[in-house]
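Residue numbers (this note's numbering), protein chains in the order written: chain P, 1 to 114; chain V, 1 to 113.
Because the hints were derived from the structure by calculation, they are not lab data.
Don't take each hint at face value.
Just a few of them, taken from the derived set where beta-carbon distance is under 8 angstroms, the chain P residues facing chain V [stated by the list, open to error]:
no., residue
1, Tyr39
2, Pro40
3, Gln42
4, Gly43
5, Leu44
6, Leu46
7, Phe63
8, Arg100
9, Ala101
10, Leu102
11, Ser106
Even glycine gets a Cβ: it sits at the ideal position worked out from N, Cα and C.
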Amino acid sequence: AQSVTQLGSHVSVSEGALVLLRCNYSSSVPPYLFWYVQYPNQGLQLLLKYTSAATLVKGINGFEAEFKKSETSFHLTKPSAHMSDAAEYFCAVSKDTGRRALTFGSGTRLQVQP
Amino acid sequence: DVKVTQSSRYLVKRTGEKVFLECVQDMDHENMFWYRQDPGLGLRLIYFSYDVKMKEKGDIPEGYSVSREKKERFSLILESASTNQTSMYLCASSRSVSGNTIYFGEGSWLTVV
Chain P
1 AQSVTQLGSH VSVSEGALVL LRCNYSSSVP PYLFWYVQYP NQGLQLLLKY
51 TSAATLVKGI NGFEAEFKKS ETSFHLTKPS AHMSDAAEYF CAVSKDTGRR
101 ALTFGSGTRL QVQP
Chain V
1 DVKVTQSSRY LVKRTGEKVF LECVQDMDHE NMFWYRQDPG LGLRLIYFSY
51 DVKMKEKGDI PEGYSVSREK KERFSLILES ASTNQTSMYL CASSRSVSGN
101 TIYFGEGSWL TVV
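Take the sequences, apply the hints, and build the full model.
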């Protein structure tokens, strides 16, 4: 079975500081990996996804993530946080075969301090 | 532009009522999903459908059923609402292609009193 673990339910950074949100996955087959963002009272919006092409994936709003098979990780980073980045972030995994639904992590709420 | 529309943003229902949550997508997607979102638990899959009249149970199907009579519409049904079904419900859709993006609606907040 596939699963996702997000380390840290809450992360707080200062405006302009590095953002690092951690995600580790478990999958018996090569996975597809996703990061979604949810702003207050809204649905989820795709930030970026890994589909077995380049291991460093660039997404919207300056975010990027690196797929590391040896560490089973897919951490999300942004060099410089902006106040508008405050939101909840979800990592998700899907298998290449079988069900095409995503399995989500429990989410990390990012706070950005002025 | 991609659009997944959930008919009700906020609902308050009484225990024991039958509740319908409706979702429509305008992208001709084969797959549609219903997730439930609770604090600290992330999103959990209730049901999904990969074709008209086809459905498959997700991780937490108990107390729910679904209906997909048309490709663009996927309904979630709570046969007899209970207070532990108070939650945010998210509908989503995608093409039936490996690794394809799943698009979400804005969510329906359901409170069962």
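Checklist entry - What are the numbers of the hints that this structure violates, sorted from low to high? => result Violated hints: 1, 2, 7; rest satisfied.
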